[in-house]
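For the record, the sequence lines run as chains U and Y.
Using our numbering, read the first sequence as starting at 1 and increasing by one per residue.
Using our numbering, read the second sequence as starting at 1 and increasing by one per residue.
I should point out that these hints are in silico values taken from the structure, not numbers from a laboratory.
Each hint should be verified, as a subset may be incorrect.
As the list claims (entries may be wrong) - Restricting the straight-line Cα-Cα distance to at most 20 Å, the calculated cross-link-like pairs of lysine to aspartate or glutamate (EDC-like) are:
no.	chain 1	residue 1	chain 2	residue 2
1	U	Lys8	U	Glu353
2	U	Lys275	U	Glu260
3	U	Lys396	U	Glu336
4	U	Lys8	Y	Glu184
5	U	Lys321	U	Glu422
6	U	Lys72	U	Glu84
7	U	Lys321	Y	Asp49
8	U	Lys72	U	Asp102
9	U	Lys366	U	Glu329
10	U	Lys321	Y	Glu184
11	U	Lys3	Y	Glu128
12	Y	Lys56	Y	Glu128
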Amino acid sequence: MGKTLAEKVWVAHVVRAAEGEPDLLFVDLHLVHEVTSPQAFEGLRLAGRRVRRPDLTLATEDHNVPTLDIDKPIADPVSRTQVETLRRNAEEFGVRLYSLGDVEQGIVHVVGPQLGLTQPGMTIVCGDSHTSTHGAFGAIAFGIGTSEVEHVLATQTLRQSRPRTMAVTVDGSLPDGVTAKDLVLTLIAHTGTGGGQGYVVEYRGQAIEELSMEARMTVCNMSIEWGAKAGLVAPDQTTFDYLEGRPHAPTGADWESAVEHWSSLATDPDASFDKEITLDAAEMTPFVTWGTNPGQGVPLSGSVPEPADIDDAGDRAAAEKALQYMALEAGTPMREVAIDTVFVGSCTNGRIEDLRAAAAVVRGRKVADDTRLLVVPGSVRVRLEAEAEGLDIVFKDAGGEWRGAGCSMCLGMNPDQLQPGERSASTSNRNFEGRQGRGGRTHLVSPLVAAATAVTGRLSSPADLTPRD
Amino acid sequence: MESFTTHTGTVLPLRRSNVDTDQIIPAVYLKRVTRTGFEDGLFATWRADPDFVFNKSEYDGASVLVAGPDFGTGSSREHAVWALQDAGFTVVLSSRFADIFRGNSGKAGLLAAEVERSLIEELWSVCEADPTTQVTVDLEAREVRFGDVVASFDIDDYTRWRLLEGLDDIGLTLSHDADIAGFESRRPSWMPSVV
Chain U
1 MGKTLAEKVW VAHVVRAAEG EPDLLFVDLH LVHEVTSPQA FEGLRLAGRR VRRPDLTLAT
61 EDHNVPTLDI DKPIADPVSR TQVETLRRNA EEFGVRLYSL GDVEQGIVHV VGPQLGLTQP
121 GMTIVCGDSH TSTHGAFGAI AFGIGTSEVE HVLATQTLRQ SRPRTMAVTV DGSLPDGVTA
181 KDLVLTLIAH TGTGGGQGYV VEYRGQAIEE LSMEARMTVC NMSIEWGAKA GLVAPDQTTF
241 DYLEGRPHAP TGADWESAVE HWSSLATDPD ASFDKEITLD AAEMTPFVTW GTNPGQGVPL
301 SGSVPEPADI DDAGDRAAAE KALQYMALEA GTPMREVAID TVFVGSCTNG RIEDLRAAAA
361 VVRGRKVADD TRLLVVPGSV RVRLEAEAEG LDIVFKDAGG EWRGAGCSMC LGMNPDQLQP
421 GERSASTSNR NFEGRQGRGG RTHLVSPLVA AATAVTGRLS SPADLTPRD
Chain Y
1 MESFTTHTGT VLPLRRSNVD TDQIIPAVYL KRVTRTGFED GLFATWRADP DFVFNKSEYD
61 GASVLVAGPD FGTGSSREHA VWALQDAGFT VVLSSRFADI FRGNSGKAGL LAAEVERSLI
121 EELWSVCEAD PTTQVTVDLE AREVRFGDVV ASFDIDDYTR WRLLEGLDDI GLTLSHDADI
181 AGFESRRPSW MPSVV
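With the rest of the complex left out, here is chain U (with noise of 0.2 Å):
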C-alpha cells in the first residue's frame, strides 16, 4: 500500500526505532526565539552540554520586541533582560541570531520561508506552536515546549510517537473576497478546538492546490488551532516557484536534484488516511470569530449565536462564558458590532500578500474616526518590500500606524496590548480571553475582513463599503 505524504517525511527522519518506544526523529532545522529559550540553554549550561548542530539552528527576537523606537534599549527592563539573554545565548553557543534591527529579524515562521531555509520534505520544531506554518512546504513542522528544545539543541533530534494521519480535502474554488483565513476558520468552526488532536493533517483538493504559499501558510499556521499536531501540504509547482532564487535555496544540479526528490513526496495515489474531512469552498464566505477560542466561529453574515441553541452541555456553558466575555448579546447580526481596534500582522496574516490585500481595500479611504488601525509587518523583509511598494503611505493616508516587525499585538507581550474591554478585529490566530492584553475582546479575521472593518469600524467585508468616487 502507498504512503501519505506526511508519512513519507516521518520514515525518512527516523533516526533510530525501537519497540514500546517513540521514535527517534532527526531535526532538519530548529528555530529559536527569546521567550522559550532561555531555560533550555540553561539546562545545557548546567549539564555541560552544546549545541550540536548550530549550522541547521536558527535564532530570531520576535515575542516581546517593540514595534516602535526599535533603535533604541527596550524599554521594558524585563523584556529587554530576555532579549540580552538570548543575544548571550546565542554567542556563547554559537547560533546565528537575527536581532532587532537586522535586515533579517522578524517573526520566526516568517523569516525561515522568506530565506529559504524552509523546504520540502524537512522536519522543523521550534519552542512556539504556530511553528505548523512551515508544513505549506510540504514539511513536517511542529511546536515544542521548553525542555524538547533543550533536547534538540544537545541532539538534533526529538522523541515522538507518529500521529495518526487526517486528509482534509477542500473541493471547488474559493470564491471572489474569500481567503484562506476564511477557509481554515471555517473549518476550525466545523472540527472545534480538539478536533484534529493526534493528527498529522494533510490540506488537499482544488481550492488548496489553487492557494499561493502565503494563503498556503496561513492554513497549516492555524492547524494547531484545532489541535492539530502538524498540518501540510504536497509540494507542486507553487512551492517550487516560491523558493527558487531565495538565499538558502539549492542552486544548479543541486536545485534539480532536490526538485526530482520534492516531487516524490505527494501522498500515493493508494495511500489511505485515519481520518478524511471533505469540505467546500464555493460554500465558503468571510468568516469571523464571535468567542474565546477560534472553534468559536460564523459567517460575517451570520448573528451573534444562542448559546441555548447548543446541545452539548459542556459546549453550551463555554459559549455562555465566551458571551459574557466578549460583551456581546445572543442574536446580535456580526456586522453590527463595533471595533475599537484592527491588527494587520502575525505569522498568521502579517506576510507581503496579506498586507497588499490590506491597503488594497483602505487605498484612497479612511479609518473610521473612533477606530485605530495597527499594521504590523512580519518581518523586516516584508516590512521594506511594503515600504518599495508604497503600502506604508497608504496606511498612513488612511490614519493607521506602521510599525516595525514582529509577534506585536497577537499576543501582547510587548507594548503592543489592548486595554480592558477593548475590542479588535485581528488578523491573527488566537481569541482567547486577554490574549491581546488583559480584558481584551477579540475577533479573528482575514486580511480583507480586516482592512474593511477599520473602514466602517464594525465588523464588514471589502464588499460593504461605498464604492470610491
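For chain U, the structure is supplied; the task is to place chain Y on it using the hints.
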C-alpha cells in the same frame, strides 16, 4: 527528574473546558529567564475574580487539578506546566489534553492523566461537596482512587516508564549518538544550513 510512582492529595475542581495555555499563564508572565517562580502567573486573569475557585480557602493546598476537556490548548509554552508545578500541582486530570501540553507535562514531571469525562464530573461533585476528599493517583497501577471509586486513566507507556524511573530524556538519547551520527552522514548535501 524525580521519579513519580503515586500521589495522594486534595482536588481543585476547575469547571471549565478549553482551558488554553494563555489562561494557565498569560504571555506577560513568560519573560522570566529562570526555571522557577511562575506561580504568580498561574490563572492570573481569573484569579483577579475573588469567586474564582482557586481563591477559595477550602481548596488551599490542592495538588490535583481536575479540569474539563481540551485542557492546555494553544501556545506551546512549557511555562504553563511549570506554573502549575510551582503552585503545588502534581497531577492534572482531564478527559482530553492538547498534544503539546501533554508532551511538556511528561518532560517536566507533571502527570497529565486522561480519564473519562464522567469521572471528571464525579470528582467535581464529590470534591465540591467535601474539599478535603483525598484522591490517589497511582501511576504504577494507572488508577485514580477516591472513596470507594477506582477508575483507570490513560497515559502512554513510554511517558509512564520515564516518569516512574525519573529519567533524563537527553541522557537517554545521547546513548544513541552513533545512530544520530550515522543518520547525519547520510543526509543529502543540498539540504539547507543556516550558515
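Now the hints, each set against the structure:
no.: 1; hint: U/Lys8 x U/Glu353; verdict: violated (31 Å)
no.: 2; hint: U/Lys275 x U/Glu260; verdict: violated (29 Å)
no.: 3; hint: U/Lys396 x U/Glu336; verdict: violated (26 Å)
no.: 4; hint: U/Lys8 x Y/Glu184; verdict: holds (18 Å)
no.: 5; hint: U/Lys321 x U/Glu422; verdict: holds (18 Å)
no.: 6; hint: U/Lys72 x U/Glu84; verdict: holds (14 Å)
no.: 7; hint: U/Lys321 x Y/Asp49; verdict: holds (14 Å)
no.: 8; hint: U/Lys72 x U/Asp102; verdict: holds (14 Å)
no.: 9; hint: U/Lys366 x U/Glu329; verdict: violated (29 Å)
no.: 10; hint: U/Lys321 x Y/Glu184; verdict: violated (51 Å)
no.: 11; hint: U/Lys3 x Y/Glu128; verdict: violated (50 Å)
no.: 12; hint: Y/Lys56 x Y/Glu128; verdict: holds (11 Å)
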